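Those protein sequence lines, which keep their order, are chains A and B. If you count by my numbering, then the first sequence holds residues 5 to 383, one letter each, in order. If you count by my numbering, then the second sequence holds residues 1350 to 1803, one letter each, in order.
Honestly, the hints are just simulated from the structure, not real lab data. Careful: at least some of the hints might be erroneous.
As the list claims (entries may be wrong) - No more than 25 Å apart at the CA atoms, straight line, and that leaves these computed lysine to any residue pairs for SDA-like:
hint, chain 1, residue 1, chain 2, residue 2
1, A, K90, B, H1737
2, B, K1539, B, R1474
3, B, K1665, A, K11
4, A, K11, B, L1389
5, A, K111, B, S1371
6, A, K305, B, S1732
7, A, K11, B, K1658
8, B, K1784, B, L1476
9, A, K305, B, K1618
10, B, K1711, B, K1773
11, B, K1370, A, E239
12, A, K59, B, S1732
13, A, K90, B, I1703
14, A, K88, B, S1677
15, B, K1433, A, P241
16, A, K59, B, R1474
17, B, K1658, A, E12
18, B, K1445, A, E340
19, B, K1445, A, T341
20, B, K1445, A, N306
21, A, K216, A, D252
22, B, K1739, A, I125
23, B, K1618, B, E1692
24, B, K1445, A, L326
25, A, K305, B, E1469
26, A, K305, B, L1574
27, B, K1665, A, E302
28, A, K88, B, P1672
29, A, K88, B, T1669
30, B, K1357, A, Q64
31, B, K1445, A, K216
32, B, K1370, A, S84
33, B, K1370, A, K305
34, B, K1665, A, R307
35, B, K1695, B, K1773
36, B, K1698, B, K1658
Unchecked claim - Here are the simulated distance ranges between beta carbons:
hint, chain 1, residue 1, chain 2, residue 2, range
37, A, K344, B, Y1710, 37 to 45 Å
38, B, P1575, A, E302, 22 to 30 Å
39, B, K1357, A, Q64, 18 to 26 Å
40, B, K1370, A, R365, 49 to 57 Å
Given the structure is predicted, the values throughout are model-derived calculations rather than measurements. Virtual Cβ for every residue (Gly too), placed ideally from N, Cα, C.
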Amino acid sequence: MQVETYKEQIYSCGRCGYCVGGYLEHVCPSRFIAGFESATARGRMLVARALLEQKLRYSQELASMVFTCFLCGACDFQCSEAAKIKITEITRAMRSDAVNAGVLLDKLIPGAKTLSESKNIYGEPSTKRNALLPRRDLKSDLLYFPGCVITFKYPQIAHNTLKILNAAEIKFTLLGEEEWCCGNPFLFMGMLSEAKKFASHNVERIKAKGVKTVLTSCAGCYKVLSQEYPKILGELPFKVVHITQFLDELVDNGIIKLKKSSYAKVTYHDPCEIGRYAGIYEEPRNVIQSIPYLKLVEMAKNRENSWCCGGGGSVNIVHTRLALSVGELRIRHAEETGAKTLVTACPSCVQMLELASKRKRSEIKVVDIASLVLNALKF
Amino acid sequence: MNADNVWKELVEIVGESNVSKSDFELYAYSRDLSPAKPRLALYVVRPRDVESIVELVKLANEHKIPVYVRGCGCSHWAAWLPVKGGILLDMTSMEKIIEIDEENLVAVVEPGCTWFKLMEELRKRRLTYLSSEMGGPAMTIGGSIVKAGGGPYGTCKFGFHGQMDVVGFEVVLPTGEVVKTGSWAIPNCKPFRREGLGPDLTGLIVGSEGIFGIVTKVALRVRPLPKHEEFLYFEFKSWKDVVKVGDAVTRWIGDEAAYSLDCSEEASKAGVIGVRVYVFGYDRRIVNYRKGLITKICLANNGKKGDSKIAEETFKRVVTGLPSIFASGVWHFAGCGTVPINELPKYVKIWREIVEKHGFYKSTFGAWAFPRGWTVYVHLLYSEITEHEKVISLSNEINSRFLENNNVVPYGIGGPDGLQPFIKDKWGAYYDLVKSLKQFLDPNNILQPNILVE
């Protein structure tokens, strides 16, 4: 069992409840949707302990509970003030153990099959990825890795990003149809061998391009490429940069100059996978604040205390309606700022928050950071 | 008991999404913060309103099923663990702040509301509460009050919960009737005064550990947020000197110089006693006077002034969660109780003897002041993998030695895994009275059986 690796940590939970927070919608979106103690990090540690002691066995119901966790890392942050338990890692280990015990949730099976076969989560032909390729392949040290959600659902984010690169006269290359899903959904599902296969494929193709930097607009891809691939495959011969970091550098070095945009007031949502997992908090804010006449207003829950969009951890596949309620709460947070525009830096957050805004009949419009920058860019 | 019928009725009362009998769920609810072994309920129920609780209590009486009531599970002495199985009520869904009466300075909350949540809301109105425990953000108001908890936040001035802050309760009795206490008991009367018609039945619930009824609303006294505050930190070598400080600071009953006075000594740093003081006031001159007075008292009793930030960090994060307290993992409080103001050193001596005897130095002795007394505790850090049995044995020894003294009141009693075994033979006629009251109010003994009284 993978959780065995974390035995000491699991037993070091003192059940202080920092991870539980002060009210249902305070810290943990899993507690918010499920309510019961097993949905909290503290409760999950007791469940993990009972599994280790063989008092419990994996079942569809237990696995379904483990999939109420958005892997957003809010509990990890709270626990960093307490027993410093790597709760999300333990939750991932539980998911993997469930798979190894032959328990894969029925709702995940079609998605896993699609991903294995078509190398993307939508079952689209890989050749569609070629649509983003420039007319001729440019030799470059920089590779843009758009990921599945951008390529197949939000290609505009990629187009906008590439326009910014062109405006900055930065050459780039892409993998096109050779790009596979980064493997994040497999990691969420606990299917580690599949994830490793995808990681190996992507790394080999990137290596073949001989690039020094991989740029991505997706927080999930960023986290997987920069943090998970090295764990799976060892040190990588390239560095991984998120678009927010890249844009911040472009602005900071005066390579692009931003002018008044059509937006007056915006708020910013921190995607968990670049926020709590990677500490990228200031870069997107620097970029937004460098746009003249644009006011950035913070939601009460921001940076380390940010609230998940509801799209993390594959919860939206297993508990769709409940996951949306997490997104709807985030939209309410945005509404409370008085801004009408919610900027974020992850296509999955865009997707989830757009849906939540629509369901909530909110006036909040969700905008990706590249679109905002393009809007403010003087060519 | 027909389990299928019970399940169906529970679902009917609270809805399927608010009840569980899944094995993993029962494990998730099987522990509090103490080293007590896991106790499994048969069902976990999350009621959302008083009507559901009335129905649940009726069902429990009909089927003779025990009902245990849990706030956020942060008890340190098995105060709610379902020792006889049955239904475990998780009260955290009842977390609403129902009203904040700024004129009468009363907040009405549901029992699952946390001190953290109430504080956030009160601060928006420039208000705060009188006192609270130091248990982090998850601590519920209902849980704190039914055990008459408290400290160190505000305890030096306002004492324990129930002493000055509880104005009234709404309670579901073990037989299903709903009653209110204090002025609230009078039809259409606001909860503005704790004493109502006849005896103080609010006091019957405070410290009852939930055996006389299920609290469904609490009316709490609140106060304006102080405009001025000061923090002080001193180090002492002798607890006798610390006692003199506590004596002087709490002697002027009603005008205690400090809001909080919290002291501790780590076994690994013997002879270094840290004393953290929090002073508040509505007038700068008064705060300065109190600060000067406490400084004078501490210096006159061999205290050495230290970095006030140590005290500020403690008290400002008392409800949001202290960063260091859980850093080394699992911990346990033993020997918790209140003692008269001058008897503190007796307990330090016992603690030191036990620490030395067992060579167990991952321990801290602490005390915080309340008007004319101290709450004492021993904090034990341990590994649940290698030291679980050892810490239980140490804890039993500490509890036994502390409680064999006459002038000590246990902080909480709980069930057989708590302090109950250490005190059950010492109560005499008072214990019999509590038992009689319990039998009268709860003829089927469905509510918190084997908690507080055996």
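### Indices of hints not satisfied (ascending)
Going through the list in order, the structure violates hints 3, 6, 7, 8, 9, 10, 11, 13, 15, 16, 17, 22, 31, 32, 33, 36, 37, 40 and respects the others.
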